[in-house]
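Novice: Throw the hints in and build the complete structure from the sequences for me.
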Amino acid sequence: MSVKAFELVPAVERDLLMGDKARINIECIECCGKHLYVGTNDCFIHHFLLDEVTSSKGKLTYLAQKLLHKYLGLKKPVAELRAASALERLIVLCDGIVFLVDMVTLESVPSAAGGGVKIRGVTAFCINENPVNGDPFCVEMGVLSSRRRTVQVYMVYEDRVQLVKEVNTPEQPCAVSLDGYFLCLALTTQYMILNYNTGAAQDLFPYNSEERRPIVKRISREEFLLAAPGGLGMFANAEGVSQRAPVSWSESVIAAAVCFPYVVALDENFVTIHSMLDQQLKQTLSFRDGHVLQDFEGKVILASTKAVYVLVPLPLERQIQDLLAGHRVEEALILTEGAQRNIPKDKFQILHRRILQQAGFIQFGQLRFLEAKEHFRKGQLDVRELISLYPLLLPASSTFSRCHPPLHEFADLNHLAQGDQEKVLRCKKFLITYLGEVRSTEVVNGCREDVDTALLKLYAEQDHESLLDLLASDNSCVLADSIPWLEKYHKYFALGLLHHCNGQDSAALQLWIRVVDGELQDFTRSDLFEYIVDFLCSSNLDLVWKYADWALRKDPTMGVHIFTKRPVSEDRAELNPDDVIAYLGKHNQALLLYLEHLVLEKRIQKEKVHTHLAVLYLDRVLSLLSGTPAGEEQLTKAREKLQAFLRESSLYRVHFVLGKMENYEELLLERATLHGKLEEHDKALHILVHKLRDFRSAESFCMWASSCRDSAFQQRLFHLLLGVYLDRSENSPAAGGQAGGELEMAAVDLLNRHGEVFDAVRVLRMLPEDWSLQLLRPFLNRAVRASTHACRTSQIALGLARSENLQVLHDRLKEVKKPIFVSEKKGCHLCHNTFSEPDVVCLPGGVPVHAHCVAQRVRDSPTKRRLTNSSDQT
Amino acid sequence: MKKPDVKVVLLGDMNVGKTSLLHRYMERKFKDTVSTVGGAFYLKQWGPYNISIWDTAGREQFHGLGSMYCRGAAAIILTYDVTSWQSLGELEERFLSLTDTANHDCIYALVGNKVDLTDAKAQLSQDSDGLSEDRSTAAAGDEEERTELQAAPASPVSLSGSVLRKQVTLEDAVALYGRIMRYKGLDETSKLPADKMCFETSAKTGYNVDALFETLFDLVLPSILRKRNEDKESPTVDLEEVGNKRSRSSCC
Numbered sequence: 000m001s002v003k004a005f006e007l008v009p010a011v012e013r014d015l016l017m018g019d020k021a022r023i024n025i026e027c028i029e030c031c032g033k034h035l036y037v038g039t040n041d042c043f044i045h046h047f048l049l050d051e052v053t054s055s056k057g058k059l060t061y062l063a064q065k066l067l068h069k070y071l072g073l074k075k076p077v078a079e080l081r082a083a084s085a086l087e088r089l090i091v092l093c094d095g096i097v098f099l100v101d102m103v104t105l106e107s108v109p110s111a112a113g114g115g116v117k118i119r120g121v122t123a124f125c126i127n128e129n130p131v132n133g134d135p136f137c138v139e140m141g142v143l144s145s146r147r148r149t150v151q152v153y154m155v156y157e158d159r160v161q162l163v164k165e166v167n168t169p170e171q172p173c174a175v176s177l178d179g180y181f182l183c184l185a186l187t188t189q190y191m192i193l194n195y196n197t198g199a200a201q202d203l204f205p206y207n208s209e210e211r212r213p214i215v216k217r218i219s220r221e222e223f224l225l226a227a228p229g230g231l232g233m234f235a236n237a238e239g240v241s242q243r244a245p246v247s248w249s250e251s252v253i254a255a256a257v258c259f260p261y262v263v264a265l266d267e268n269f270v271t272i273h274s275m276l277d278q279q280l281k282q283t284l285s286f287r288d289g290h291v292l293q294d295f296e297g298k299v300i301l302a303s304t305k306a307v308y309v310l311v312p313l314p315l316e317r318q319i320q321d322l323l324a325g326h327r328v329e330e331a332l333i334l335t336e337g338a339q340r341n342i343p344k345d346k347f348q349i350l351h352r353r354i355l356q357q358a359g360f361i362q363f364g365q366l367r368f369l370e371a372k373e374h375f376r377k378g379q380l381d382v383r384e385l386i387s388l389y390p391l392l393l394p395a396s397s398t399f400s401r402c403h404p405p406l407h408e409f410a411d412l413n414h415l416a417q418g419d420q421e422k423v424l425r426c427k428k429f430l431i432t433y434l435g436e437v438r439s440t441e442v443v444n445g446c447r448e449d450v451d452t453a454l455l456k457l458y459a460e461q462d463h464e465s466l467l468d469l470l471a472s473d474n475s476c477v478l479a480d481s482i483p484w485l486e487k488y489h490k491y492f493a494l495g496l497l498h499h500c501n502g503q504d505s506a507a508l509q510l511w512i513r514v515v516d517g518e519l520q521d522f523t524r525s526d527l528f529e530y531i532v533d534f535l536c537s538s539n540l541d542l543v544w545k546y547a548d549w550a551l552r553k554d555p556t557m558g559v560h561i562f563t564k565r566p567v568s569e570d571r572a573e574l575n576p577d578d579v580i581a582y583l584g585k586h587n588q589a590l591l592l593y594l595e596h597l598v599l600e601k602r603i604q605k606e607k608v609h610t611h612l613a614v615l616y617l618d619r620v621l622s623l624l625s626g627t628p629a630g631e632e633q634l635t636k637a638r639e640k641l642q643a644f645l646r647e648s649s650l651y652r653v654h655f656v657l658g659k660m661e662n663y664e665e666l667l668l669e670r671a672t673l674h675g676k677l678e679e680h681d682k683a684l685h686i687l688v689h690k691l692r693d694f695r696s697a698e699s700f701c702m703w704a705s706s707c708r709d710s711a712f713q714q715r716l717f718h719l720l721l722g723v724y725l726d727r728s729e730n731s732p733a734a735g736g737q738a739g740g741e742l743e744m745a746a747v748d749l750l751n752r753h754g755e756v757f758d759a760v761r762v763l764r765m766l767p768e769d770w771s772l773q774l775l776r777p778f779l780n781r782a783v784r785a786s787t788h789a790c791r792t793s794q795i796a797l798g799l800a801r802s803e804n805l806q807v808l809h810d811r812l813k814e815v816k817k818p819i820f821v822s823e824k825k826g827c828h829l830c831h832n833t834f835s836e837p838d839v840v841c842l843p844g845g846v847p848v849h850a851h852c853v854a855q856r857v858r859d860s861p862t863k864r865r866l867t868n869s870s871d872q873t
Numbered sequence: 000m001k002k003p004d005v006k007v008v009l010l011g012d013m014n015v016g017k018t019s020l021l022h023r024y025m026e027r028k029f030k031d032t033v034s035t036v037g038g039a040f041y042l043k044q045w046g047p048y049n050i051s052i053w054d055t056a057g058r059e060q061f062h063g064l065g066s067m068y069c070r071g072a073a074a075i076i077l078t079y080d081v082t083s084w085q086s087l088g089e090l091e092e093r094f095l096s097l098t099d100t101a102n103h104d105c106i107y108a109l110v111g112n113k114v115d116l117t118d119a120k121a122q123l124s125q126d127s128d129g130l131s132e133d134r135s136t137a138a139a140g141d142e143e144e145r146t147e148l149q150a151a152p153a154s155p156v157s158l159s160g161s162v163l164r165k166q167v168t169l170e171d172a173v174a175l176y177g178r179i180m181r182y183k184g185l186d187e188t189s190k191l192p193a194d195k196m197c198f199e200t201s202a203k204t205g206y207n208v209d210a211l212f213e214t215l216f217d218l219v220l221p222s223i224l225r226k227r228n229e230d231k232e233s234p235t236v237d238l239e240e241v242g243n244k245r246s247r248s249s250c251c
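If you read the protein sequences in the order shown, they are chains A and B.
If you count by numbering that gives the first Met the number 0, then the first sequence holds residues 0 to 873, one letter each, in order.
If you count by numbering that gives the first Met the number 0, then the second sequence holds residues 0 to 251, one letter each, in order.
Heads up, a few of these hints could be off.
Claimed, not checked - When the alpha-carbon atoms are kept at most 25 Å apart in a straight line, the in silico DSS-like pairs for lysine-lysine are as follows:
no., chain 1, residue 1, chain 2, residue 2
1, B, K43, A, K377
2, B, K2, A, K344
3, A, K346, B, K2
4, B, K226, B, K2
5, A, K117, A, K164
6, A, K377, B, K2
7, B, K43, B, K2
8, A, K372, B, K28
9, B, K43, A, K372
Hints in this document: simulated from the structure, not taken from any laboratory.
Specialist: See the structure below:
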């Protein structure tokens with residue numbers, strides 16, 4: 000648990016003080032800048048100039064030069080010395096008297112006119128280092144008197160002392176310390192805090208001052224260090240609260256001081272050093288006859304009875320480095336963080352970061368990765384420091400060199416692991432997680448290439464699934480460095496991705512093709528071929544033309560996806576279908592699929608494409624026909640496809656296709672369809688009925704051929720079919736015999752099934768006389784029903800029309816039947832004479848005219864129609 | 000070091016397991032501890048707040064320091080050993096008066112530790128984390144600890160039986176809690192219910208330890224908030240206050 004925090008350096012040797020006079024002892028010391036004053040038991044004050052000398056090796060020594068010594072003339076020991084440098088005075092306590100001497104001459108200061116310079120009956124005094132009074136040329140002093148239970152507060156001036164306050168204490172005080180208004184006192188049985196301004200008192204804790212010498216030491220603003228029962232060093236602030244845990248001294252402690260972050264205490268034989276940060280004992284120095292321990296402006300000075308020493312703190316960084324060297328990470332960090340307020344902020348940050356990084360590496364070496372990672376993160380470690388531990392991970396192009404002095408003691412991972420492969424593996428796994436976490440943060444700014452390349456190498460080596468994620472995302476892997484590494488671990492697919500990342504799609508494709516072709520071994524993707532096809536779908540056209548051929552040869556069905564699944568995008572050159580068709584020329588199957596894609600999915604309305612597809616379908620059928628009969632099923636399928644296409648599409652060149660199948664008797668159905676397309680329905684039906692004798696197809700043909708036409712056309716087609724069935728003419732090959740019966744049956748079926756489309760009267764005229772009624776019953780039933788239905792429907796329609804007509808008539812009359820006024824003042828519209836009698840004739844629109852005028856007009860008009868509309872007038 | 004917002008103090012006779020309780024809670028382990036010298040403290044981050052938890056020395060020698068530790072405390076955990084009637088008695092006789100310096104609204108919890116020795120239900124560790132490790136280290140440290148206890152007057156336990164006689168029942172603790180509340184002059188309405196503030200724990204197995212500390216922390220939250228508010232909105236400039244604050248910040 001030990002740290003070397005301090006070194007004991009001699010300052011004033013025995014020779015310089017008392018020579019060989021055995022009875023003379025040091026009683027007290029005071030140090031002010033370079034000036035050291037020593038008070039002895041024979042009532043002398045010695046004044047030295049203390050010079051710090053640093054040797055070439057950095058070792059600190061002190062050189063003391065004696066300036067003066069002065070006998071005070073009281074024959075008693077000099078109990079205490081305090082310098083008031085602003086006043087150039089030393090405050091001396093000797094023989095119960097406090098008085099002032101000049102700091103330079105050591106002469107007593109004579110009394111000024113206004114007041115005395117001596118205080119008598121004093122047991123102890125203290126200086127307020129945090130005075131409330133703002134006057135720089137006076138010093139505030141707390142004084143304990145031997146006779147009264149009081150504490151007096153004095154102001155010390157250059158030539159006088161002045162009592163400003165006196166407060167009573169419940170018991171006789173024996174030690175005092177002062178900060179602001181707060182007096183911290185050791186009384187006979189307890190410690191207390193007393194505010195001399197308000198008089199408020201706060202008990203701290205009991206302590207028997209007669210048994211053990213109390214210690215009351217101001218350590219910082221309103222905070223005191225006190226000797227507590229059981230050899231404890233207790234901290235207490237002005238409110239009477241302890242804000243730090245106590246440190247554990249020995250029972251015989253004489254004096255204590257704080258030199259942050261350490262508490263230094265002196266007992267009979269040792270100087271003990273505790274950390275205020277974790278309360279642990281850090282260092283013990285053997286020191287015999289210890290008598291005085293005091294801190295002066297941050298410098299801790301010790302005195303035995305015969306000599307003076309300085310307790311020189313080792314540089315903080317050295318202490319921390321010592322701790323780290325002993326792998327005491329926690330302590331080193333506590334010490335560093337504890338020193339924060341003593342170091343300038345920017346310097347502290349640099350130091351803190353470095354210590355954190357070193358701590359991280361120590362923990363890393365102990366495979367305590369969680370802690371290490373936390374420290375690396377807090378210390379903002381340059382990730383490359385860590386990567387550089389792993390041989391060959393940093394790319395050759397990296398400009399990184401390790402920081403100096405080194406952050407750790409390891410040459411590389413092998414050195415660290417000492418050949419333990421298990422350890423190496425754990426370290427690698429750690430680096431994988433660590434780099435994975437930091438690569439998206441700003442920690443890797445400026446070394447992204449190094450980090451990504453290292454990660455890629457680790458992934459490849461460890462066969463890690465994230466390799467592909469890394470390459471699929473935005474990354475900065477260095478190509479030149481990664482290629483051999485990926486090749487070494489057969490990560491060809493990944494290498495292809497890397498090429499792709501670097502815009503070398505062609506290289507990527509070549510590599511993958513070699514994998515698919517079995518030249519290279521990489522089992523990353525079992526569906527690599529599909530991947531390549533997908534990849535080509537979105538590649539530029541040059542690559543498509545270059546590598547599609549390979550893909551089509553490998554698997555035309557998949558390969559054609561390069562062309563059919565190509566996503567449509569605005570900013571890229573579109574594939575020209577004609578180019579593709581030309582390109583696919585020698586890949587029949589792919590071409591077929593592509594044409595199907597164009598026609599069926601893209602719905603391209605181009606005669607050429609449709610004809611091409613029809614011909615390909617036909618070729619397929621023809622090739623199957625000429626082949627072995629084994630492919631019966633295939634043939635059926637192929638024909639169905641062909642037939643469907645011939646029916647659905649209306650863009651192909653029918654004559655051309657028809658010409659191609661002219662010589663094939665097997666393709667009658669198709670031919671019928673084509674005739675249908677050409678509106679040669681009689682030919683089509685002839686083929687269907689007489690050559691194929693496929694009545695169902697004939698019916699379907701009629702349905703299909705009339706599907707987009709009006710009902711009259713449909714009727715015509717069905718009558719045509721019926722006609723073909725009933726045709727008993729000499730040229731019909733099926734006339735008479737059994738075949739004729741078959742046709743008649745077909746006719747009956749047709750009528751019974753599709754009766755509604757026929758004109759029943761025409762049918763009845765066509766039918767042979769000898770057919771039984773029973774045979775045609777469904778048809779007739781339906782025909783009669785339909786006819787009756789039609790009759791009734793038309794009657795209803797007629798009735799409705801009449802009523803509508805009546806309604807209209809009624810409305811019209813209502814409109815017309817307005818009164819017509821005739822008077823003697825009104826004139827006839829025809830002769831413009833006035834009416835003299837009530838008999839008038841009304842013209843349409845209710846215009847009254849003379850009867851004779853109308854008669855005249857009718858007579859003159861060519862039609863000689865009589866106007867009958869007349870009405871009675873009043 | 001961060002400035003603590005609030006203080007929690009553990010009090011109780013020596014060897015009742017104050018340090019072990021705190022250690023179990025903070026480090027999630029049970030390990031061999033030595034008799035605490037003077038006192039020690041931990042800083043616990045509780046949400047946005049810092050809670051300082053003081054572990055005090057139970058030894059008579061350090062008794063005088065107790066009231067200083069308790070000064071300004073927001074919560075005090077009075078700890079006894081369920082296998083020692085005396086340890087409960089000491090709380091009332093010796094430790095209760097130390098709490099006079101605590102805040103007027105201080106919360107008191109009464110905790111009977113070592114309940115794993117008397118109750119089977121507490122023998123199972125409640126920590127899911129690091130269970131096996133705990134078991135082994137606990138077993139190693141246990142021998143010494145208990146042997147030491149055997150000699151200690153506060154807990155005369157024997158190693159012969161795994162389950163010891165329970166000297167202090169929860170009812171005894173509840174009764175004491177009532178007396179403490181009366182001593183504090185708190186009436187029925189303002190005090191917290193005894194069944195909520197009396198715990199039986201085992202630092203060895205971790206039984207009820209988290210519940211104890213977390214209950215307390217939740218209860219002191221209002222105290223923290225009030226303190227923060229007071230610090231914030233002091234309408235008059237109080238020179239002493241200013242000085243106090245400075246001293247606090249400078250020593251952390």
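Novice: Could you run down the list of hints and mark each one as holding or not?
Specialist: Here's how the hints hold up against the structure:
| no. | hint | result |
| --- | --- | --- |
| 1 | B/K43 with A/K377 | holds, 20 Å |
| 2 | B/K2 with A/K344 | holds, 19 Å |
| 3 | A/K346 with B/K2 | holds, 23 Å |
| 4 | B/K226 with B/K2 | holds, 13 Å |
| 5 | A/K117 with A/K164 | holds, 17 Å |
| 6 | A/K377 with B/K2 | holds, 21 Å |
| 7 | B/K43 with B/K2 | holds, 11 Å |
| 8 | A/K372 with B/K28 | holds, 23 Å |
| 9 | B/K43 with A/K372 | holds, 23 Å |
Checked against the numbered hints listed earlier, the structure breaks none of them; every hint is satisfied.
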